[in-house]
Amino acid sequence: MVDAPRDKVFQYVDGYQNVPEYLMGVTRFEPRTEQTQGLGSVFELTIDVGPKKLKSVVECTRYVVDELIELKAIEGFQADTTWRFLDANKGTELQVEFSYTLPGGIAGRVLGGIVGPFAAQAIKHTEATIAKNVVAGG
Numbered sequence: 033m034v035d036a037p038r039d040k041v042f043q044y045v046d047g048y049q050n051v052p053e054y055l056m057g058v059t060r061f062e063p064r065t066e067q068t069q070g071l072g073s074v075f076e077l078t079i080d081v082g083p084k085k086l087k088s089v090v091e092c093t094r095y096v097v098d099e100l101i102e103l104k105a106i107e108g109f110q111a112d113t114t115w116r117f118l119d120a121n122k123g124t125e126l127q128v129e130f131s132y133t134l135p136g137g138i139a140g141r142v143l144g145g146i147v148g149p150f151a152a153q154a155i156k157h158t159e160a161t162i163a164k165n166v167v168a169g170g
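Per the numbering used here, the sequence shown runs over residues 33 to 170.
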């Protein structure tokens with residue numbers, strides 16, 4: 033729950049330049065296309081997960097202003113994210129789904145031991161950071 037109107041929360045999350053600020057571990061999130069938001073926009077990202085740097089390219093595959101942003105991995109680390117924005121009491125309810133596919137074999141098992149705990153911590157950090165920054169930003 034973020035104590036701010038849905039349109040403000042959406043605008044903050046949708047701003048690609050804000051992603052490294054609120055999404056824990058993301059050190060790089062840069063547009064690969066001239067289009068920097070909405071359906072068809074593509075971004076390169078790097079996520080630091082413990083001792084490992086994971087690189088991915090994601091494309092916005094579903095987009096409804098103030099309601100939905102879906103990013104699907106098209107290259108590199110297979111991580112997809114879906115954001116839903118809902119009116120709630122005097123603010124906005126965020127529903128965020130992170131899904132990822134690990135490689136097989138020993139590398140996948142090792143990475144799974146790092147990514148699983150990291151993802152749980154990252155979700156808490158993300159919501160708290162969005163709430164703080166959107167409310168502070170007015």
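Hints are computed from structural coordinates only; laboratory data are not their basis.
A portion of the hints provided could be inaccurate.
[Claimed, not checked] With a cut-off of at most 35 angstroms between alpha-carbon atoms, the simulated DSBU-like pairs for lysine-lysine come out as follows:
hint: 1; residue 1: LYS84; residue 2: LYS164
hint: 2; residue 1: LYS40; residue 2: LYS85
hint: 3; residue 1: LYS84; residue 2: LYS104
hint: 4; residue 1: LYS40; residue 2: LYS164
hint: 5; residue 1: LYS156; residue 2: LYS40
[What the hints assert, rightly or not] Restraint ranges, calculated between C-beta atoms of paired labels, are given here:
hint: 6; residue 1: LYS84; residue 2: LEU118; range: 32 to 38 angstroms
hint: 7; residue 1: PRO83; residue 2: ASP39; range: 17 to 23 angstroms
hint: 8; residue 1: THR133; residue 2: ASP39; range: 15 to 21 angstroms
hint: 9; residue 1: THR133; residue 2: ARG94; range: 26 to 32 angstroms
Note that beta-carbon positions come from the ideal geometry of N, C-alpha and C, so glycine has one too.
### Message
If you test the structure against every hint from before, which numbers come out violated?
### Response
7, 8 and 9
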